[in-house]
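Protein sequence lines correspond, in order, to chains A and B.
Read in order, the letters of the first sequence are residues 1 to 187 in the working numbering.
Read in order, the letters of the second sequence are residues 1 to 238 in the working numbering.
One or more of the hints may lead you astray.
Which residues of chain A face chain B? A partial, calculated answer using Cβ under 8 Å [unchecked claim]:
#1 R37
#2 V50
#3 L55
#4 V81
#5 I123
#6 L138
#7 A174
#8 A179
Stretch-level coverage of chain A by chain B, calculated; a stretch enters the list once three of its residues show a Cβ under 8 Å from a Cβ in chain B [to be verified]:
#9 24 to 34
#10 124 to 134
Since the hints were made in silico from the structure, they are not lab data.
Each residue gets a CB set at the ideal place from its N, CA and C atoms; glycine is no exception.
One letter stands for each residue in the lines below.
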Amino acid sequence: MTPPAGAAARADLGDGPREAFEAIFAEAYPDVVAYARRRVASHHDADDVVAETFLVGWRRVEELVAADNPTAWLMGVARRVIANHRRGKARAARTVERTAGLAVVPAPDTADRVAGAEGADAILAALATLPERDREVLMLAAWEGLGAAEIGTVLGVSPAVASRRLFRARGRLARALGAVDESGEEG
Amino acid sequence: MDRPSDAFDRLRAADPVDPARIPGAGSPEAARTLAWVLAQPRDSAPARRRRAGWFVVVAVLLGAAAWVVFGPVTDPVGTACYAAASLDADRVAAPSGAADVTVCVPFWVDGLLVNPEVGPAGSVPPLVACLSDSGGLAVFPRTEPNVCGRLGLASPDPGSLPDAEAVRALGDRLAAHFLEAGCQPLDAAAVDVRRILDEAGFADWTVEPGTPTPDRPCASFSLDSATETIHLVPMPDV
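Let the hints inform the model, and build the full structure from the sequences given.
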């Protein structure tokens, strides 16, 4: 996964908000879809997240166009949209435990691919033991391929804070993986 | 296939999404999404309904620059300062162009905004800025970590997390707890601190209990925001 090109195809509001939005949509759509599918088990729900995310972008097109990296900005919106969906589901069904696992449940049609990757089960199990904050920063770096500046945009923190969080999360992931590997060998 | 030795490399290899199966911007799925989004009004229906019911109650000049309105926010790029963390609360409108919560401070100091639940008249509570549907700032007393989310408003910072203000409030709450608890054993304190963290929106923080000794049986605490850890410190029973 390559990092989003961001402002490479920077839209210009001088062309009108609709044209600017369409240019950013064309650039960001695949990355936003991938972001949602990595975090939401159902493709149907992921599509809802994508649509809501771009709707927020459309309603706040001036901010979107002004963002240093519109794709990362949209991922930050998608993150909140997913969090809102989880809160709604938790409230409705009181299934907090199940929804908390959404972030690391592979979508059905990609499960075979993950299972085929060497050690995928162990690393995903290790990832699932970490707090949401750690999981998100790790997924942004490993799967979205984002750097600290882009991660900072998604999380609403400075690049320095993003770097520190990523550093700590990598350490926790390594420790969690060690524990999972160890329990697997004992079993 | 060799298995990557580094945990992070193994995570990279475990990406659940195959990029080749992601629809591109020219796909029918993308076209449907784009058409749906562009068909939506840029001003959300609930916001329009809210604004339709708003009315101006009073307008007074405040100082040299600010103007004040109790009632609706009609300026789409202005800042609305609310007396409580509710969209139905009394509000004061500040001039357009305000960039942060400080524009609301004079209204609290001058007593134009008063809320006994957040502090005595003339005091300024911790404030938080959210984005209104029309893109202006809406500033509320910070009575909880996620005011914007609860009100269905966006935060100016995408994905905002508990900030220094919230951490300070957490420290105040923990201090109040330990003052009230007296000499609390460390294991009991660990349970209480865990509950407070969860309630305050810091569920992913860690509690690290120290080891009590006969002459230090009571728990106190230190808060380390850098590592997001509450250390429980054994103290003498004084």
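Evaluated hints:
no., hint, result
1, R37, "5 Å, holds"
2, V50, "6 Å, holds"
3, L55, "5 Å, holds"
4, V81, "10 Å, violated"
5, I123, "4 Å, holds"
6, L138, "6 Å, holds"
7, A174, "4 Å, holds"
8, A179, "11 Å, violated"
9, 24 to 34, "holds (count 7)"
10, 124 to 134, "holds (count 7)"
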